[in-house]
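Undergrad: Line by line, the protein sequences give chains A and B. Under numbering that gives the first Met the number 0, the first residue of the first sequence carries the number 0, and numbering increases by one thereafter. Under numbering that gives the first Met the number 0, the first residue of the second sequence carries the number 0, and numbering increases by one thereafter.
To be clear, the hints were calculated from the coordinates, so they are not data collected in a lab. One or more hints might be untrue.
[As the list claims (entries may be wrong)] In silico SDA-like pairs for lysine to any residue, Cα to Cα no more than 25 Å straight-line:
1. B/189 x A/154
2. B/428 x A/108
3. B/280 x A/154
4. B/362 x A/128
5. B/190 x A/128
6. B/148 x A/7
7. B/408 x B/349
8. B/189 x A/55
9. A/8 x B/280
This is what each chain is made of:
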Amino acid sequence: MLSAESLAKIDRELAKYPADQFRSAIMGALRIALTERRETGVTPEARCLNAEVIEFVANYVGIPPVAAYEVATFYNMYDMKPVGKYKLTVCTNLPCALRGGVNTAHYIGEKLGIGIGETTADGKFTLLEGECMGACGDAPVLLVNNHKMCSFMTREAIDKKLAELE
Amino acid sequence: MAVFVNGVIFEGVDTAAPDCWRLEAYMARGGYQALKKILDSKIPQEDVIAEVKNSGLRGRGGAGFPTGLKWSFMPRSFPGDKYVVCNTDEGEPGTFKDRDIIRYNPHALIEGMIIAGYAMSAKAGYNYIHGEIFEAYELFEEALDEARKAGLLGQNILGTDFSFDLFAHHGYGAYICGEETALLESLEGKKGQPRFKPPFPASFGLYGKPTTINNTESFASVPFIIRDGAQKFLEAGKPNNGGTKLFSVSGHVNRPGNYEIPLGTPFATLLEMAGGMKDGKKLKAVIPGGSSAPVLPGEVMMELTMDYDSISKAGSMLGSGAVIVMNDDVCMVRALERLAYFYHEESCGQCTPCREGTGWLYKVIHRIANGEGRDGDLELLESVGNNMAGRTVCALADAAVFPVRSFTKHFRNEFEYLIKHKKPLVDHKWC
Chain A
0 MLSAESLAKI DRELAKYPAD QFRSAIMGAL RIALTERRET GVTPEARCLN AEVIEFVANY
60 VGIPPVAAYE VATFYNMYDM KPVGKYKLTV CTNLPCALRG GVNTAHYIGE KLGIGIGETT
120 ADGKFTLLEG ECMGACGDAP VLLVNNHKMC SFMTREAIDK KLAELE
Chain B
0 MAVFVNGVIF EGVDTAAPDC WRLEAYMARG GYQALKKILD SKIPQEDVIA EVKNSGLRGR
60 GGAGFPTGLK WSFMPRSFPG DKYVVCNTDE GEPGTFKDRD IIRYNPHALI EGMIIAGYAM
120 SAKAGYNYIH GEIFEAYELF EEALDEARKA GLLGQNILGT DFSFDLFAHH GYGAYICGEE
180 TALLESLEGK KGQPRFKPPF PASFGLYGKP TTINNTESFA SVPFIIRDGA QKFLEAGKPN
240 NGGTKLFSVS GHVNRPGNYE IPLGTPFATL LEMAGGMKDG KKLKAVIPGG SSAPVLPGEV
300 MMELTMDYDS ISKAGSMLGS GAVIVMNDDV CMVRALERLA YFYHEESCGQ CTPCREGTGW
360 LYKVIHRIAN GEGRDGDLEL LESVGNNMAG RTVCALADAA VFPVRSFTKH FRNEFEYLIK
420 HKKPLVDHKW C
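Bound conformation, chain B alone:
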């Protein structure tokens, strides 16, 4: 389900219509006009990049890095092959927006990537798609075929001297490949283990060539920015937080799903759109930006607006826009145990602090949750976390530590109670 309010990506998309993803339907919605505008008027590359910069678009995958600035890092006039890569390896627990973009509006992504290819002189692009969404991968392949047949991909696009091709690469089950350099390793047919940075992908990326990697939603926002102008996109959000954003709302709400709303919309409004709390229960906690983002108490969330700056000020992050909602039946120790298991399972094993540390975090939280916690366990968690965060090649270790720190900070009494009384303060049932 996808609901939108002045949406940039989903505006006019009837997700109930089986053919809404097809080229014809996309064209009828004004699709590929941005590309035509660029090619017809021969808009210079730097003007395209400036437009994306001016739009205030920030990376929608989690880091929130300004997309236009990232594009400007590409040495586009250097000779040799260059690539653009899309990260649809959407495996951050709570996030399910990119799957809907591919299922319902894949040509917005394709057009966005072609424009990116034009702006950065890339010869080809790859879209790396999460392993578990094979059906979406197959549909995307079909959409690519449509674009190729219509002369929108390949040699001499729309009769001009601009050539660019685009391919889909299917992952096969590794959370770590959402990290951009692990994704590149995987795309090269290797184990998905992150690379040391620098060098950054803009100078040494896919096959050692300059490469720009953006999230699906970021690329899919580009056609709107070019067609309707940076200003209109910027005004759809708030300063420094341009545009609308897809929020994947999951957990204890009546209508889980994707909501494309202006950045800066109050969380309370989003919760209301999602049908409010399931069974009318009390809001206890929210993870506002995917499982790696620090959890916030419900009452704090109710005062916030959904944008990068507001969530960051409250001590968490907007991340991928995955909003995990929990009611007061949830035992926060059990909830954290589940996340800790995930990071332990998904650590790629390359760096010792992460490989060993995620195991320690899980083991200690598991024993607390099972009434076997020991005095000093909370200090032990803190100590292990301090020896992981910032000490590894990529941010997975940090992502594993953030939830531990925030859960034990905001809901410390539940951990202390369990350690002391060997039974939970909240008797939680997973239902």
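The following block holds chain A by itself, in its conformation from the complex:
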């Protein structure tokens, strides 16, 4: 279900913890599984986690599937719902909002013709509001696919970024 490369990455996570504490690796393992699905999935449904994937990862790490499911649903960066090729999360918390975070979210929504929480019809973009990303000095801040942070997202910067993500 996962590539040899992803499994090797999960093995590296497992090696970080004492041998009898393999459960600690579940957060990293789920992230690695999600990252592979995002990179290889061709539909929004194929880019997120589901019960089958979670069960596979749980078995690989050696914990009950329910324990992995609990983790996948508690932390908000694990995509449990269908998601576009590019998931754009805009911070709209107070420090960002003071510097245009809310406008940034609305501007992206207007450009893409979607509201917050929606995915474009072609399955390319999903727009989300996020909570503090710990980068308030770079506001407005935008996170692409959980891992790539974009700073100072003025309208011009957004235009440029969206063009890059074609």
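Fit chain B to the given chain A structure using the hints.
TA: This is chain B only, laid out in the frame that chain A set:
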């Protein structure tokens, strides 16, 4: 951006240089000399801890608890595994200093954690890194590899009989994991729900073993304290407030960013360093220590110095050193609404007063902000808050209540006006 004045962590760090974070650059700045000094001279553990105590270093994550005292709580001579854990789960709105430490000077943190491991007989350490800063996590992993290859981590560090290893753990989006026992649960691969205390982590921490958890900035200050001495660190700040501190300045200033300055520096000086008020507007309010710290009116802030005691005396707290600056265009009801939403979203759901209370706070503030407030809503907020604060396992409920109390205290007229006239006193645009 990081600017420093006699900085402890950022002194000599050229943040514009792409390799400033590498081991070689850190060594050139005098890095790992503190560790070498300890290992070469076989400095006893209690002397290392005494040095940290004497430095006046107080926890930089928000609570301000004396770091050396915390270290002394560890039962270091007890047999069995012990751990040191670093809290880089930086998600307190307004705080963005630890990300810069990892991006620009990760070896200061690594060295600080190795010294902590030595002082407390820990066999390993973990650095729990905030989910949204994946790039910083990857860079930190690389820095760890460098340290391992140089013999600074692992078995028999620098040829001595001291062994210690250090790993990075990446979070995935949960503010609550900044709470130390929630962080430990998360590190164990579980939902990040805080534990009941006592027992405290020093006796029952990671995997049930004695554990000490410190903030990134606290650990990163340790090499300086050991290398240059507690006295020099202490003198960089003021009594009971030793050292310099990173302040993350955000909001309506010309140059948002991190400023590492001596504790006790006047707020007015910090504001000036950050380029002053954006567009020359009037300072209205400041949250001096991250979103959970009570807001203070601008004129009060202008009289204060940036240190634990001064901010606490004024009724707020220095917290994580996150300074959120607001000008007089801001509608304080809207600002509070945004924070209330955050706490509601991030409550872990374990304790009823917090799970339900944060929802109530948000709902009531939301309706006031939208001109649908009712007579008695301010009393209702107070009553809900009184039933939350101090009645839960962790401090998230208190953190949600502090802003509500302070906003409705200092800017009560804006709330009353909105409830009465169904429109805001300050017509605020989020820009």
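Undergrad: Are there hints from earlier that the structure breaks, and if so, what are their numbers?
TA: Going through the list in order, the structure violates hints 1, 7 and 9 and respects the others.
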